[in-house]
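S.K.: Sequence:
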Amino acid sequence: MNIADIPGIAAPAKRALADKGYSTLQDLAGTSAQELGELHGVGPRVLERLQAALEKEDLSLSGDVPEPTDRTPTITKGHTGVTASDVKTRPTDRSPEQFIEELEWPRRVEHGRELLALFNQVTGAEPVMWGPTMIGYGEVHYVSPAGREGDWFQLGFSPRKASLSLYGLQGAPRSEELLAKLGKHKRGAGCVYVNKLEDIDMDVLAELVQHAWESDAQDC
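Take any residue in the sequence shown, count from 1 to its spot, add 76: that is its number in my numbering.
Quick caveat, the hints were computed from the structure, so don't treat them as lab data. There's no promise every hint is true.
[Unchecked claim] Simulated pairs of lysine-lysine, DSS-like, Cα-Cα distance not exceeding 25 angstroms:
{"id": "1", "residue 1": "Lys262", "residue 2": "Lys272"}
{"id": "2", "residue 1": "Lys90", "residue 2": "Lys132"}
{"id": "3", "residue 1": "Lys260", "residue 2": "Lys237"}
{"id": "4", "residue 1": "Lys272", "residue 2": "Lys237"}
{"id": "5", "residue 1": "Lys257", "residue 2": "Lys272"}
{"id": "6", "residue 1": "Lys153", "residue 2": "Lys164"}
{"id": "7", "residue 1": "Lys164", "residue 2": "Lys237"}
{"id": "8", "residue 1": "Lys132", "residue 2": "Lys96"}
{"id": "9", "residue 1": "Lys164", "residue 2": "Lys132"}
{"id": "10", "residue 1": "Lys272", "residue 2": "Lys260"}
[Unchecked claim] Estimated spans, in silico, between C-beta atoms of each pair:
{"id": "11", "residue 1": "Thr150", "residue 2": "Gly264", "range": "19 to 29 angstroms"}
{"id": "12", "residue 1": "Asp169", "residue 2": "Leu135", "range": "55 to 65 angstroms"}
{"id": "13", "residue 1": "Ala80", "residue 2": "Asp277", "range": "36 to 46 angstroms"}
{"id": "14", "residue 1": "Ala238", "residue 2": "Ala94", "range": "28 to 38 angstroms"}
{"id": "15", "residue 1": "Leu135", "residue 2": "Arg189", "range": "47 to 57 angstroms"}
{"id": "16", "residue 1": "Ala80", "residue 2": "Arg250", "range": "29 to 39 angstroms"}
{"id": "17", "residue 1": "Asp162", "residue 2": "Glu252", "range": "30 to 40 angstroms"}
{"id": "18", "residue 1": "Gly84", "residue 2": "Gly106", "range": "15 to 25 angstroms"}
{"id": "19", "residue 1": "Val185", "residue 2": "Gly264", "range": "15 to 25 angstroms"}
{"id": "20", "residue 1": "Ala238", "residue 2": "Val158", "range": "31 to 41 angstroms"}
Computed from a predicted model, the values in this text were never measured in an experiment. Positions of the beta carbon are idealized from the N, C-alpha and C atoms, including for glycine.
Kindly generate the complete structure, drawing on both the sequences and the hints.
M.R.: Structural data, given as structure tokens:
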């Protein structure tokens, strides 16, 4: 495997490694982690990713290899009122129904109506606008490994022009199983993207929403 193909390795680190003659995982095998750590752009996180890629090939760096750091945020149900001052997305008093009806794309109005009805029925909770475009359900509080924290919603969606964004549906015990049955979609960090509802199985989506809602608070 080429080092350039490893996710999460920034361009400065790739260049520094290439300048030293490291272009593949085989080139790196047995190389001192401390020696690599002295290269420009090669910090602990890059070393972690290189080591993880090497281990998949039954290879390894030598020396004191950094242990993987748990970067999973702690998420608990309920709001605390404590949110980092730079977090701009907060709940508003705008009506979710009004927001959907005023969308400028007729197709998204229909999609928004369907999602609002589905999330309302499955969760039984009142929808709340978060920021200008997100509709959230439930309350959670997150604390990042670095200590940054804030209040957020447990599940939600946003009918954007490019795609429908679905929040909070990953990370529950059966999420992977249900997402495999959902239909055409893409995934991001804490978000599932769908081009149009016609591409997915709405019954599976309802089951996925219910499962995520009834599970412990997930990565939002």
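S.K.: Indicate, hint by hint, whether the structure satisfies it.
M.R.: Here is how each hint holds up against the structure:
1. For a cut-off of 25 angstroms, the pair hint linking Lys262 to Lys272 stands: about 12 angstroms separates their Cα positions.
2. At roughly 19 angstroms between alpha-carbon atoms, Lys90 and Lys132 fall within 25 angstroms of each other, so this suggested pair holds.
3. Distance hint between Lys260 and Lys237 is fulfilled; the C-alpha atoms sit about 17 angstroms from each other, no more than 25 angstroms.
4. For a cut-off of 25 angstroms, the pair hint linking Lys272 to Lys237 stands: about 10 angstroms separates their Cα positions.
5. For a cut-off of 25 angstroms, the pair hint linking Lys257 to Lys272 stands: about 16 angstroms separates their Cα positions.
6. About 20 angstroms separates the Cα atoms of Lys153 and Lys164, which keeps this hinted pair within 25 angstroms; it holds.
7. At most 25 angstroms may separate the alpha-carbon atoms for a hinted pair to count; Lys164 and Lys237 meet this at roughly 22 angstroms.
8. A distance of roughly 23 angstroms separates the Cα atoms of Lys132 and Lys96; the hinted pair therefore holds under the 25 angstroms criterion.
9. Under the criterion of a C-alpha separation no larger than 25 angstroms, the hint pairing Lys164 with Lys132 is inconsistent with the structure, at around 40 angstroms.
10. Taken as a hint, the Lys272 and Lys260 pair is honoured in the structure, with Cα atoms around 9 angstroms apart against an allowance of 25 angstroms.
11. Judged by the Cβ atoms, the range 19 to 29 angstroms given for Thr150 and Gly264 holds: they are separated by roughly 21 angstroms.
12. Separated by about 56 angstroms at the C-beta atoms, Asp169 and Leu135 satisfy the suggested range of 55 to 65 angstroms.
13. Separation of Ala80 from Asp277 is about 37 angstroms and conforms to the stated range, judged on CB atoms against 36 to 46 angstroms.
14. Range check, Ala238 to Ala94: about 35 angstroms between beta-carbon atoms, so the 28 to 38 angstroms window is met.
15. Distance hint check: the CB atoms of Leu135 and Arg189 are about 53 angstroms apart, consistent with the given range 47 to 57 angstroms.
16. Remark: the range hint 29 to 39 angstroms for Ala80 to Arg250 is upheld by a beta-carbon distance near 36 angstroms.
17. Range check, Asp162 to Glu252: about 33 angstroms between beta-carbon atoms, so the 30 to 40 angstroms window is met.
18. For Gly84 paired with Gly106, a C-beta distance near 22 angstroms keeps the hint of 15 to 25 angstroms intact.
19. Range check, Val185 to Gly264: Cβ separation about 24 angstroms, and the 15 to 25 angstroms hint holds.
20. Remark: the range hint 31 to 41 angstroms for Ala238 to Val158 is upheld by a beta-carbon distance near 33 angstroms.
Hint check: a violation occurs at hint 9 only; the rest are consistent with the structure.
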